[in-house]
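Line by line, the protein sequences give chains E and D. Mapping the first sequence onto my numbering, position 482 (from 1) lands on 482, and the numbers just tick up by one. Mapping the second sequence onto my numbering, position 70 (from 1) lands on 70, and the numbers just tick up by one.
Treat the hints with care, as some may be off.
Unchecked claim - Derived CB-CB ranges, DEER-like:
1) E:Arg236 - D:Leu138: 52 to 62 Å
2) E:Thr226 - D:Thr87: 24 to 34 Å
3) D:Gly32 - E:Ala426: 54 to 64 Å
4) D:Thr87 - E:Thr406: 53 to 63 Å
5) D:Leu138 - E:Ile310: 50 to 60 Å
6) E:Thr226 - D:Ser128: 53 to 63 Å
7) D:Gly32 - E:Thr431: 50 to 60 Å
8) E:Phe437 - D:Ser128: 23 to 33 Å
9) D:Ser128 - E:Ser352: 25 to 35 Å
10) D:Thr87 - E:Thr431: 53 to 63 Å
11) E:Glu427 - D:Ser128: 38 to 48 Å
12) D:Leu138 - E:Thr467: 51 to 61 Å
Simulated from the structure, these hints should not be mistaken for laboratory data. Each residue gets a CB set at the ideal place from its N, CA and C atoms; glycine is no exception.
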Amino acid sequence: MTAQSLGLNTFQSTMLLFAAGALLLLMLVISSFKLSSETEARAAEIAKQRLVRVAARNTSFGLLNAETGQRGFLITGEEIYLEPYYLGAKEARKQLDDLTAQASDPSDLERMAVIAPVVGKKLAEMEQTIALAKSGKRDEALKILASDAGLQYMGALRDNLEAISARADRAVERGLEDLSASAKRLTLTTTIGSLLLASFASLTFYIVANNTGKLQSARQSLQTLTDELEERVKDRTEALTEANEEIQRFAYIVSHDLRAPLVNIMGFTSELETASNKLAGYFTRTALDVDEQTAAGIAVEDIPESIGFIRKSSVKMDGLIGAILKLSREGRRELKRERVQLDDVVETSLASLQHQIEAAGIAVDVEPSLPSVVSDRLALSQVVGNILDNAIKYLAPGRPGAIKITSEESGGRVKLRVTDNGRGIAEKDLTRIFDLFRRAGKPDRPGEGIGLAHVRSLVRVLGGDVTVASKLGEGTTFTVDLPKKMSGQNPSNKEQNA
Amino acid sequence: MNTENANPVTIVMIEDDEGHARLIERNIRRAGVTNEIVPLASGHAALEYLLGEDESGSVHSKRALLILLDLNLPDMSGVEILQKIKTNAHIKRSPVVVLTTTDDEREIQRCYDQGANVYITKPVNYESFANAIRQLGLFVAVMQVPAAE
Numbered sequence: 001m002t003a004q005s006l007g008l009n010t011f012q013s014t015m016l017l018f019a020a021g022a023l024l025l026l027m028l029v030i031s032s033f034k035l036s037s038e039t040e041a042r043a044a045e046i047a048k049q050r051l052v053r054v055a056a057r058n059t060s061f062g063l064l065n066a067e068t069g070q071r072g073f074l075i076t077g078e079e080i081y082l083e084p085y086y087l088g089a090k091e092a093r094k095q096l097d098d099l100t101a102q103a104s105d106p107s108d109l110e111r112m113a114v115i116a117p118v119v120g121k122k123l124a125e126m127e128q129t130i131a132l133a134k135s136g137k138r139d140e141a142l143k144i145l146a147s148d149a150g151l152q153y154m155g156a157l158r159d160n161l162e163a164i165s166a167r168a169d170r171a172v173e174r175g176l177e178d179l180s181a182s183a184k185r186l187t188l189t190t191t192i193g194s195l196l197l198a199s200f201a202s203l204t205f206y207i208v209a210n211n212t213g214k215l216q217s218a219r220q221s222l223q224t225l226t227d228e229l230e231e232r233v234k235d236r237t238e239a240l241t242e243a244n245e246e247i248q249r250f251a252y253i254v255s256h257d258l259r260a261p262l263v264n265i266m267g268f269t270s271e272l273e274t275a276s277n278k279l280a281g282y283f284t285r286t287a288l289d290v291d292e293q294t295a296a297g298i299a300v301e302d303i304p305e306s307i308g309f310i311r312k313s314s315v316k317m318d319g320l321i322g323a324i325l326k327l328s329r330e331g332r333r334e335l336k337r338e339r340v341q342l343d344d345v346v347e348t349s350l351a352s353l354q355h356q357i358e359a360a361g362i363a364v365d366v367e368p369s370l371p372s373v374v375s376d377r378l379a380l381s382q383v384v385g386n387i388l389d390n391a392i393k394y395l396a397p398g399r400p401g402a403i404k405i406t407s408e409e410s411g412g413r414v415k416l417r418v419t420d421n422g423r424g425i426a427e428k429d430l431t432r433i434f435d436l437f438r439r440a441g442k443p444d445r446p447g448e449g450i451g452l453a454h455v456r457s458l459v460r461v462l463g464g465d466v467t468v469a470s471k472l473g474e475g476t477t478f479t480v481d482l483p484k485k486m487s488g489q490n491p492s493n494k495e496q497n498a
Numbered sequence: 001m002n003t004e005n006a007n008p009v010t011i012v013m014i015e016d017d018e019g020h021a022r023l024i025e026r027n028i029r030r031a032g033v034t035n036e037i038v039p040l041a042s043g044h045a046a047l048e049y050l051l052g053e054d055e056s057g058s059v060h061s062k063r064a065l066l067i068l069l070d071l072n073l074p075d076m077s078g079v080e081i082l083q084k085i086k087t088n089a090h091i092k093r094s095p096v097v098v099l100t101t102t103d104d105e106r107e108i109q110r111c112y113d114q115g116a117n118v119y120i121t122k123p124v125n126y127e128s129f130a131n132a133i134r135q136l137g138l139f140v141a142v143m144q145v146p147a148a149e
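Isolated chain E, as found in the complex (with noise of 0.2 Å):
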């Protein structure tokens, strides 16, 4: 396309070329209003030559109708013809008003100065022997008639009313040839335009068309790109999906197979522990000397305190699998999804820390009627208590706590936020506190540093996101990014045994 040389895109072209066929139907229109309307002119002069030819022959025929009744009269004194003579005088009288009217042709008007006078004389010289013979002097009238100035009046007015008739004719005629012309233009302007405006809009469908066509494989390779690309998020989400899994099973057996040692270290730490016993109780009765006084020693302190030792980390350690076990069995819990009142769920958490509030004298200010959202009722009580049981835990020494909740709504997610005065926490600690067994801050309050990595885990499980904002000593606000609708698609619920 010239229009694309041009840096014209398809809808300005197209455009163009609509503008151009408009202004070419106007021109058209006007020039078609101007032919005919020249041509009506035409026409109008033609009728008008016509009018002074038709009026020039008349006048012509009137006078020779009224000669020759006057003639008539004069010879035979019948009074018949004197009837002939008056229409015929009356005619030629009114043609020639009409001829005077009419005519315009400088020649004609030339003509007219001759002819007026001289058929002004020839009735008044027709009157005057008609008014003789009346009277009786009919020989005085038949003498006029002899003279010749009758007949010559009759020739001058012939010659000139037929010379004005010709040239009328000859107008006529010439009217006519260019009335023809004029009307072979109308019809060639009217065929030029209209073939010029057919291509113009053949053109036009022509790109519309193709452009349509070129439209029509954009969107369709436009939707195979997308089916394309949705294709690929759900293999790259399934794999995800399977990693995750993979992860949590990996998690669960290794939680629950560090079990079964432990149950052996933890036995016989016990056993060796009643042994030891038994024996400090023996050595303690017969140490004589001193090395067996230091084994006696040995048994009653020692031996313990390192069993105490095994033991204490034995716990810990069983806390810690236990944790991890907990996590591991959250994410492979089968979601129930269902309509979740965020109002019910805050409530039903404040209500079980209803104790802890009371004693610490904390404010809680709940925003009014909280979304609703469908999601899974378990996991998210879990989560909004893990966050209001911190918030309630780490108060800011020395001032009433205040606890706010809060939410907001768009785009098909529900924001949670829960925000507290408390002791807020450093900024190097923010990504840290979600990580599984690590807390922030003096470690002065009991606990594990699991909360928070559940809340985390079960969120994700979810389909949202939990962030955290805080400023040491001031305050923190946590924000779970939850979707309205959470997907039916369950990204953990496996079968699974171990």
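Take the given structure of chain E and dock chain D to it, following the hints.
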């Protein structure tokens, strides 16, 4: 105690972890149970013993067995062994005590569905563990175990 019984109950202990086996045995003995305990450390050994060479289970005809079963075996799932026991004509009436570290509810349900008689989770806390086993010992002492057909 079944000492006067013409067919004293044999306790079959299917447990791959030697330490666990030893702890279980010690605590059963402490409960005063003197019955023969046959320790088996793998799924294959267990099936071989339970079903006999002809794999029919008739080898235990007229004998009374109490089976202690750990689910986490290295060579096969304990549930599979449970199924084989409970579908064998000769030994299907032998009580099976599932004794394992798994406390997964679905797993527990599955075992009962397959015909387990008792499910006990091995507590990591030794006091509870020892206690549970001793109670099992007391249980063994008073229970009537039918002889295999």
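Hints and how they fare:
Between E:Arg236 and D:Leu138 the beta carbons are some 57 Å apart, a value that agrees with the proposed interval 52 to 62 Å. Range check, E:Thr226 to D:Thr87: about 54 Å between beta-carbon atoms, so the 24 to 34 Å window is missed. Distance hint for D:Gly32 and E:Ala426: a CB-CB separation of about 60 Å, consistent with the stated range 54 to 64 Å. At about 60 Å, the beta-carbon gap between D:Thr87 and E:Thr406 stays in the expected band of 53 to 63 Å.
For the hinted restraint 50 to 60 Å between D:Leu138 and E:Ile310, the CB-CB distance of approximately 29 Å leaves it violated. For E:Thr226 and D:Ser128, the Cβ-Cβ distance of about 59 Å falls inside the hinted range of 53 to 63 Å, so the restraint holds. For D:Gly32 and E:Thr431, the Cβ-Cβ distance of about 57 Å falls inside the hinted range of 50 to 60 Å, so the restraint holds. For E:Phe437 paired with D:Ser128, a C-beta distance near 25 Å keeps the hint of 23 to 33 Å intact.
For D:Ser128 and E:Ser352, the hinted distance range of 25 to 35 Å is satisfied, since their beta carbons lie about 28 Å from each other. D:Thr87 and E:Thr431 have their C-beta atoms about 54 Å apart, which keeps the hinted 53 to 63 Å range intact. Between E:Glu427 and D:Ser128 the C-beta distance comes to about 44 Å, which sits within the given range of 38 to 48 Å. Distance hint check: the CB atoms of D:Leu138 and E:Thr467 are about 55 Å apart, consistent with the given range 51 to 61 Å.
In this structure, the hints that do not hold are numbers 2, 5, in rising order.
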